[in-house]
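Engineer: Protein chains in written order, with our numbering: chain L, 1 to 121; chain P, 1 to 49; chain A, 1 to 237.
Think of the hints as simulated: they come from the structure by calculation, not from any bench.
Keep in mind that a hint or two might mislead.
[What the hints assert, rightly or not] Taking beta-carbon pairs under 8 Å as the criterion, some of the chain A residues facing chain L (in silico):
id, residue
1, Met12
2, Val19
3, Ser25
4, Ile29
5, Gln30
6, Thr33
For every residue, glycine included, the Cβ atom is placed at its ideal position computed from N, Cα and C.
For reference, the chains in residue letters:
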Amino acid sequence: MAILTIIIGSVLGILLGFLIPTIPYSASKYLAIAIVAALDSVFGGIASSIKKNFDLKVFISGFFVNAIIAMLLTYLGQRLNVDIYLAAIIVFVGRMFNNLGIIRRYYLDKISQNFSKGKHK
Amino acid sequence: MCGAVERAGGILHQLKLNDLSVTVKKESNIKINKFNGAITKKYMKDIKN
Amino acid sequence: MKVKADKQKIQMTVIIGIVTLLLVSSMFIQFKTVDRSQESNLESLRSDELTTQIATYKSRYEETMEQYEENRNTILEYQSTMKENKESTDLLDKELNDTETLLGLTDVQGEGLIITLKDTDEATYTALDLLTLINELKYAGAEAISINDNRVVNLTEITAINNSFIMMNSDSRISSPYTVKVIGDKSYLMSTLNLKNSGFVDLMRVNNLEITVEESKNVIINKYSKEITAEKMKEVE
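Model the full assembly from the supplied sequences, consistent with the hints where possible.
Structural biologist: Structure follows, in structure tokens:
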């Protein structure tokens with residue numbers, strides 16, 4: 001069920017992405033960092049749902065708040081002439097790798113369990 | 001030019017009448033040197049139109 | 001319990017759908033933006049691209065500056081050559097003007113004398129008299145001479161035709177009264193002409209010829225209006 005919504009959402013998203021006119025180049029920096037933050041939230045959500053820790057409120061708030069905070073930090077860095085966004089990227093991508101690792105381990109476990117189950121049968 | 005100098009009543013005849021010795025020779029290549037003095041323009045001024 | 005779980009499930013699905021939508025559409029917008037901005041827009045470049053761009057622009061600037069300096073120098077050269085040319089042209093023009101004046105090819109004015117010679121019943125002026133006068137004026141430093149407005153130049157001749165009239169400058173006929181205009185040092189001219197016994201005035205008066213000499217601060221003498229040719233003579237190197 002969830003996977004279906006994901007697929008439908010992606011397709012609609014692609015269409016929407018092409019239809020909406022491009023934003024000015026100077027704003028692309030902020031959109032990029034927001035996307036990274038959002039991706040990190042999504043994978044965090046998937047990982048927590050695998051660990052049966054999923055909290056919807058945490059997920060949604062994290063999704064939007066992280067994106068907004070990331071954009072604000074980038075803007076601050078612009079004004080201070082310090083590349084603050086670099087730190088944000090390191091943190092988000094680092095967490096992404098962690099969460100992806102958790103997901104990978106879970107599914108590998110599941111697959112090997114099914115395998116051994118099948119063998120025993 | 002010779003004609004003008006040699007005509008009757010002309011200068012040659014007048015000079016000869018006075019027993020002055022004159023010789024006139026035709027030459028195909030005469031060299032006359034330039035004027036070595038200065039030609040001055042102290043008193044006359046051009047009239048600008 | 002089941003209804004609550006269902007409700008939650010629906011909620012979840014919807015939320016997941018919205019989140020995916022937002023995420024994917026933002027990503028594709030960003031993709032489009034980045035694609036567009038590949039058209040080397042300085043404002044959107046990252047720092048390493050900027051450094052290469054700066055290096056390119058720097059070398060292009062230096063080349064252009066070199067060209068500019070070269071062109072500037074060439075222009076300066078041309079300008080100074082033009083100036084020199086103008087100066088030498090001006091110099092040549094001035095020389096030409098001066099030469100024409102000295103030859104008698106220009107109208108001139110200056111201090112000098114106006115001499116009037118009149119034939120009387122008793123005595124008439126001959127061509128030789130006029131020639132003597134001209135010779136004496138030249139001796140006294142005359143710069144320009146004219147007789148009855150015929151300019152006397154280097155090779156001007158004054159001849160008597162059949163003792164009836166006088167010709168000068170090939171085809172100009174002149175007759176009494178003869179107005180001789182001279183430009184030069186007027187006091188020196190005056191004193192030379194008026195020398196006792198040997199001066200022209202005394203010479204003419206002795207022969208009962210009428211002559212008046214007047215000093216003038218501004219004598220106007222017209223130019224020689226015919227051509228001066230050099231058909232037989234050639235310059236020797």
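Engineer: If a hint holds in the structure, say so; if it does not, say that too.
Structural biologist: Status of each hint after checking the structure:
Residue-level restraint check for A:Met12 holds (minimum Cβ-Cβ distance to chain L is 7 Å; threshold 8 Å). At a threshold of 8 Å, the smallest CB-CB gap from A:Val19 to chain L is about 6 Å, leaving the interface hint in force. Look at A:Ser25: its Cβ gets to within about 4 Å of chain L, closer than 8 Å, so that hint holds up. Because the closest C-beta pair between A:Ile29 and chain L is about 5 Å apart, less than 8 Å, the hint holds.
A hinted interface residue such as A:Gln30 counts as satisfied when its beta carbon comes closer than 8 Å to some beta carbon of chain L; here the least separation is about 5 Å, so the hint holds. The restraint placing A:Thr33 at the interface with chain L holds, with a minimum CB-CB distance near 4 Å, inside the 8 Å limit.
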